[in-house]
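Number of protein chains: 2
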Amino acid sequence: MKILVTGCAGFIGSNLCEYLLSQGHHVIGIDKDTSKEAKRRLENIEPILNMIMYWEDIMDIDNIMSSHSKPDIVYHLAAASDIMKSSTDMEWDMRENVIGTHKVLEYIRKSKIKKLVYSSTSVVQGEDVPKPTPESGIDFNPGSLYAASKCAAECYIRAYAKLYDIKSWIFRFGNVIGKNEHRGVIFDFIHKLRKNPNQLEILGNGRQIKSYIHVSDVVSAITSIPNNTDIKKVDVFNLGLKEWKSVTELANYVCDELGLKPDYTYTGGDRGWAGDIPVVMLETDKALATGWKPKLSCEEAIRQTVRELNE
Amino acid sequence: MKILVTGCAGFIGSNLCEYLLSQGHHVIGIDKDTSKEAKRRLENIEPILNMIMYWEDIMDIDNIMSSHSKPDIVYHLAAASDIMKSSTDMEWDMRENVIGTHKVLEYIRKSKIKKLVYSSTSVVQGEDVPKPTPESGIDFNPGSLYAASKCAAECYIRAYAKLYDIKSWIFRFGNVIGKNEHRGVIFDFIHKLRKNPNQLEILGNGRQIKSYIHVSDVVSAITSIPNNTDIKKVDVFNLGLKEWKSVTELANYVCDELGLKPDYTYTGGDRGWAGDIPVVMLETDKALATGWKPKLSCEEAIRQTVRELNE
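For the record, the sequence lines run as chains A and W.
1 is the number of the first residue of the first sequence in our numbering; add one for each residue after it.
1 is the number of the first residue of the second sequence in our numbering; add one for each residue after it.
Think of the hints as simulated: they come from the structure by calculation, not from any bench.
Each hint should be verified, as a subset may be incorrect.
Pairs count within a copy or across copies, as identical chains cannot be separated in the list.
To be verified - Capping the alpha-carbon separation at 30 Å, the derived lysine-lysine pairs in DSSO-like fashion look like this:
(1) 261 with 179
(2) 131 with 233
(3) 131 with 167
(4) 232 with 85
(5) 131 with 232
(6) 2 with 39
(7) 39 with 195
(8) 110 with 85
(9) 85 with 103
(10) 85 with 70
(11) 85 with 112
(12) 32 with 103
(13) 103 with 115
(14) 242 with 192
(15) 286 with 131
(16) 85 with 233
(17) 85 with 114
Pulled out of the complex, with its shape left as it was, chain A reads as follows (with noise of 0.2 Å):
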């Protein structure tokens, strides 16, 4: 197959198309993050033959995508994620996410592509929610700018699905860890212990529970659910792990794979930053019922990661 993944050079998006290029597929990739980081994330994928790669922006996807056929599918996982930043900078949500989503979207009408698969997250619906959280029955909930342009970005994929039949997988993803990570707590964990073996600082109280799974299962979430069910427009999965740790639980795991025992401070109070969501629950048995299986259990998920990150 052809595919066009925006966002190719990001965490989930360099681990897919690793993934697609070793299943023999066509890859078109579009990132603009033009770090040397992002930049590595890509070289190190074997074989790298058959992707063609566009250090852009997705603005310019109609131009960059003039000299191609039009894909089978089309991944569009480019966004701002940096929940912070969307508390400084108002518009930086909006533009990336929104109106970056919108042109997308636009892209894929006048191709009359008939795919879409879309990265999207649990944080749409809030924290006052049942927990397990379903995917269905809740309100949008955002309580950040960066929740906010994402249920914004579902909201215009949901009647772009319907107004022009482009069957849509949303998948909310939970916490997403392993190889290529380059944000998030693992990944903050490792950089303060290599400053500090004997020390590390937990934002929050340590008591903040969410599932951590594995990119690599998230992959073959996202790759086979389009191919196992048969959606009629939009449907939304969400992904996760049954089983669920507490920030200090995995510091525990952090430190074991890593052989340290620090002591923890605790910066208080109950989540680690404006906009954090102190208990992540997700109800996956709509994606576990199309037959995807996790692979890796949430401690697994976590020392992986932590060797991977560690290389």
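Fit chain W to the supplied structure of chain A, relying on the hints for placement.
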């Protein structure tokens, strides 16, 4: 009170301004619709002395408001509301309703204004919903780009309300009718009957069922409910009546009020146009529980509107 009304020259905006001025409030109005019809909607208001009018785009709200101290409350009614146009100009609603609302929210945040009233619509939930339809527990399911843009705006308002302590009343209107309406089914019928009093073309099969609420009852709701409710941060209220009429019944009232007996022809199909929702029945218990009560029945609202538009 000092009140900012965006979209003040529109159908609901002009009725709202008339009421606010009659109550002795000071109104700052912004509207970019400089058509004769828009100006006429405001010119009829007496006393207009307490209103300062800007015929400008809300995109320039910072500039416009720079010479004013902050208003006590903002009524953000400015919006693209032409569903049919949203299927030909795909960027129209996003620019006007999403980016425009974000501009207004940014002005509110920076000015530390603490109260916002927003005019949303029942179409955010789409058509596959329980009837009557409550405000909560139903996924956003927009069937048009117009609906998607209103979903997106609602999500941004929710995020801003929570992040910056802006009490925000989101009102979802059903079919609002009455003085100054310049679009919609009654307007359309009168227009057609003036051309040919012997025949009336009805879009769809005439069995579309909706609740028609008079704009005076909408104005009383959106002015009284923000005074009578102590919401925490953001709350949503449906506005409509607890009775519903088919389009053919509505046509009967219109014709009767005009003293005409035309033959009806139907364009057929279960909806009037792409994006029309055939059955709209809003659950309005939440609004009624605040003490607000509509004065006109569906039939009275329709008959009064015919008289108002026919003047």
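30 Å Cα threshold - placement of residue 233 relative to residue 85: Only across copies: residue 85 and residue 233 sit 23 Å apart there, 33 Å inside one copy, limit 30 Å.
Within, between, both or neither: residue 85, residue 112 at alpha-carbon 30 Å: So residue 85 and residue 112 pass the 30 Å test across copies only (21 Å; inside, 35 Å).
Intra/inter-copy verdict for residue 85 and residue 103 if alpha-carbon distance must be at most 30 Å: Classified as both: same-chain Cα gap 22 Å, cross-chain 18 Å, threshold 30 Å.
Identical-chain pair category, residue 131 with residue 233, by Cα at 30 Å: both (27 Å within a copy, 23 Å between copies)
Intra/inter-copy verdict for residue 131 and residue 167 if alpha-carbon distance must be at most 30 Å: both (28 Å within a copy, 27 Å between copies)
Within, between, both or neither, where residue 232 and residue 85 count as close if Cα-Cα is 30 Å or less: between (36 Å within a copy, 26 Å between copies)
Identical-chain pair category, residue 2 with residue 39, by Cα at 30 Å: So residue 2 and residue 39 pass the 30 Å test inside one copy only (22 Å; across, 54 Å).
Intra- versus inter-subunit Cα pairing at 30 Å for residue 32 with residue 103: both (15 Å within a copy, 26 Å between copies)
Alpha-carbon proximity between residue 110 and residue 85, which holds within one copy, between copies, both or neither at 30 Å: Between. Shortest inter-copy distance 17 Å satisfies the 30 Å Cα cut-off; intra-copy 33 Å does not.
Intra- versus inter-copy proximity for residue 131 and residue 286 (alpha-carbon distance at most 30 Å): both (15 Å within a copy, 26 Å between copies)
Copy assignment of residue 131 with residue 232, given that the CA separation must stay at most 30 Å: both (27 Å within a copy, 23 Å between copies)
Within, between, both or neither: residue 85, residue 114 at alpha-carbon 30 Å: between (34 Å within a copy, 24 Å between copies)
Hint violations for this structure: none, all hints satisfied.
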